[in-house]
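2 protein chains.
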Amino acid sequence: MTAVTIIGAGNLGGAVAALAAKAGAQVQVLARDPEKAHTIAAPLGADAGTLGDHLTGDIVVLALPYHAVSAVLDTYAGALAGKTLVDVTNPVDFATFDALVVPADSSAARIIQDAVPQATVVKAFNTNFGATLATGTAGPLATTVLIAGDDQAAKQAVAGLVTAGGLRAIDAGSLKRARELEALGFLQLTLAAGGKTPWTGGFALVG
Amino acid sequence: MTAVTIIGAGNLGGAVAALAAKAGAQVQVLARDPEKAHTIAAPLGADAGTLGDHLTGDIVVLALPYHAVSAVLDTYAGALAGKTLVDVTNPVDFATFDALVVPADSSAARIIQDAVPQATVVKAFNTNFGATLATGTAGPLATTVLIAGDDQAAKQAVAGLVTAGGLRAIDAGSLKRARELEALGFLQLTLAAGGKTPWTGGFALVG
Numbered sequence: 415m416t417a418v419t420i421i422g423a424g425n426l427g428g429a430v431a432a433l434a435a436k437a438g439a440q441v442q443v444l445a446r447d448p449e450k451a452h453t454i455a456a457p458l459g460a461d462a463g464t465l466g467d468h469l470t471g472d473i474v475v476l477a478l479p480y481h482a483v484s485a486v487l488d489t490y491a492g493a494l495a496g497k498t499l500v501d502v503t504n505p506v507d508f509a510t511f512d513a514l515v516v517p518a519d520s521s522a523a524r525i526i527q528d529a530v531p532q533a534t535v536v537k538a539f540n541t542n543f544g545a546t547l548a549t550g551t552a553g554p555l556a557t558t559v560l561i562a563g564d565d566q567a568a569k570q571a572v573a574g575l576v577t578a579g580g581l582r583a584i585d586a587g588s589l590k591r592a593r594e595l596e597a598l599g600f601l602q603l604t605l606a607a608g609g610k611t612p613w614t615g616g617f618a619l620v621g
Numbered sequence: 415m416t417a418v419t420i421i422g423a424g425n426l427g428g429a430v431a432a433l434a435a436k437a438g439a440q441v442q443v444l445a446r447d448p449e450k451a452h453t454i455a456a457p458l459g460a461d462a463g464t465l466g467d468h469l470t471g472d473i474v475v476l477a478l479p480y481h482a483v484s485a486v487l488d489t490y491a492g493a494l495a496g497k498t499l500v501d502v503t504n505p506v507d508f509a510t511f512d513a514l515v516v517p518a519d520s521s522a523a524r525i526i527q528d529a530v531p532q533a534t535v536v537k538a539f540n541t542n543f544g545a546t547l548a549t550g551t552a553g554p555l556a557t558t559v560l561i562a563g564d565d566q567a568a569k570q571a572v573a574g575l576v577t578a579g580g581l582r583a584i585d586a587g588s589l590k591r592a593r594e595l596e597a598l599g600f601l602q603l604t605l606a607a608g609g610k611t612p613w614t615g616g617f618a619l620v621g
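As given, the protein sequences belong to chains P and D, one line each in that order. Just so you know, we're using my numbering here: the first sequence kicks off at 415 and counts up by one. Just so you know, we're using my numbering here: the second sequence kicks off at 415 and counts up by one.
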C-alpha cells in the first residue's frame with residue numbers, strides 16, 4: 415500500500431489528502447496547527463500530526479505556500495532521503511501578482527530539488543484548483559493532473575495515486591517542464607482572481 | 415469596418431483569416447508564395463498578395479513561425495507605425511523541443527515590441543490550435559482566445575474581432591503575460607505532439 419504524507423492543511427492539502435485516501439493509500443496529514451491536520455484527517459481515517467512528527471509516507475506532498483517550503487525542508491533535513499517530494503506550489507509574487515518569485519530560467523520545483531538532492535522531486539497539482547480535485551471535474555471536463563519530473567518511477571507512483579483516486583494523470587515531461595507548469599498555474603490564478611474563469615474550472619486539458 | 419492583414423498562409427494564418435472574414439472585417443492575406451495566399455483568400459472574398467505588398471490592415475497579424483518574423487518586420491520597416499501587430503508565435507526551439515528560443519525573462523511578443531516600438535504589439539492566438547479557431551470548440555468547450563498587451567484599445571480591437579467571429583475573447587493582462595501565454599503554448603504543443611491531447615483540443619479555459 416502506498417503511504418502518503420501531506421504537509422499542510424490548506425485547501426489543496428485537504429484535496430490531495432482526500433484523493434490519496436480515496437486511492438486507498440495510508441495517509442498522514444501534518445500541519446503546524448495539529449487541530450487543522452486533525453480536521454482534515456479524521457473524516458478520511460487518516461493520521462494527523464504536527465510539523466516535525468516522523469514522516470510515515472514514501473510520497474511526501476509539500477502542500478504549502480512556496481514561501482513556507484524552505485523552513486519545512488529544514489525541519490525534515492535528513493528525513494527526506496529516498497522520498498518522493500511532490501511540489502504543488504505556484505511561487506507567485508503575491509505583493510505584485512505580476513511575476514513569480516523564482517528566477518525566470520528556473521522553477522520552484524528545480525529549487526526544491528537542488529535544496530534536497532537526496533529526494534526525488536515531482537511537480538504536480540499546481541495547475542489544479544482544489545475544487546477540481548475534489549469533484550473530479552473542471553467545468554465539463556475530467557480533472558487532469560499534470561505531472562513533471564526526471565524520475566519515471568516517482569512520476570508513476572504519483573500518477574498511480576491520481577488514477578486510483580479517480581482522476582486523469584498526464585506525464586508532462588521532465589522536471590524542466592515545471593517552469594511551464596508554474597507559468598500555467600500563475601496565469602490560471604490571475605484569470606480566476608480576475609473573474610475570467612471560475613475557481614471550479616481554470617484550464618482543462620481536453621482528453 | 416476593421417481592416418485586417420494576415421501575413422502568412424499556414425494553418426493558423428488561414429484560421430485567423432477565416433475568423434476575420436466571419437467577423438465582417440476587410441481581409442488581406444499576404445504570403446511569400448502568392449498562390450498560397452490566394453488559396454486562403456479566394457473562398458473568403460479576401461484580397462491576396464505577396465510579401466512586400468502595401469498593407470491595407472490596421473491590424474496586422476504575424477501568422478508566421480517565430481524565426482520568420484524578423485525578416486518580415488524588416489520588409490515592412492516604416493510601414494508598421496500606428497498598426498496593431500498581433501503576435502501569434504510560440505518561439506519553440508524545434509531542434510530540441512525542450513525550451514523556447516527567447517530569453518527566459520522575455521517573450522517573443524516583448525522582443526517584437528522592442529523591434530517595432532512605433533507599432534502596438536498584442537499577443538493572441540498562440541494558445542489556440544488552428545482547428546479550434548475554425549470549429550469554435552476545443553473539445554466540449556468554446557474556444558477561448560487569450561489576449562495580452564499593454565494598450566487597451568489595441569486589445570479591444572482584437573477582442574472585438576474575435577467576438578464578432580463567434581469566439582470567446584479574454585483579456586489575459588499586460589504584455590508581460592505573453593511570457594506565460596508562450597509557456598502555455600509551448601506546453602500545449604509538447605502535450606499534443608506526445609498524443610496527450612488532440613490537435614482539436616489542448617487547454618480549454620472553463621467559462
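Hints listed in this document are in silico derivations from the structure and should not be mistaken for laboratory results. Computed from a predicted model, the values in this text were never measured in an experiment. Careful: at least some of the hints might be erroneous.
Copies of the same chain look alike in the list, so a pair counts if it fits in one copy or across any two.
[To be verified] Simulated crosslink set (BS3-like; lysine-lysine; CA at most 30 Å straight-line): (1) Lys590 <-> Lys610; (2) Lys450 <-> Lys590; (3) Lys610 <-> Lys497; (4) Lys436 <-> Lys497.
For each hint, the structure was consulted:
With identical chains, the CA atoms of Lys590 and Lys610 are at most 30 Å apart both within one copy (28 Å) and between copies (18 Å). Taking the closest pair of Cα atoms, Lys450 and Lys590 never come within 30 Å of each other, the shortest separation being 34 Å inside a single copy and 38 Å across copies. Taking identical chains as interchangeable, the C-alpha atoms of Lys610 and Lys497 lie at most 30 Å apart only when they sit on different chains, with a minimum of 28 Å there against 38 Å within one chain. Only within a single protomer do Lys436 and Lys497 lie at most 30 Å apart by alpha-carbon distance; the minimum there is 21 Å, versus 55 Å between protomers.
Of the numbered hints given earlier, the model fails hint 2 alone.
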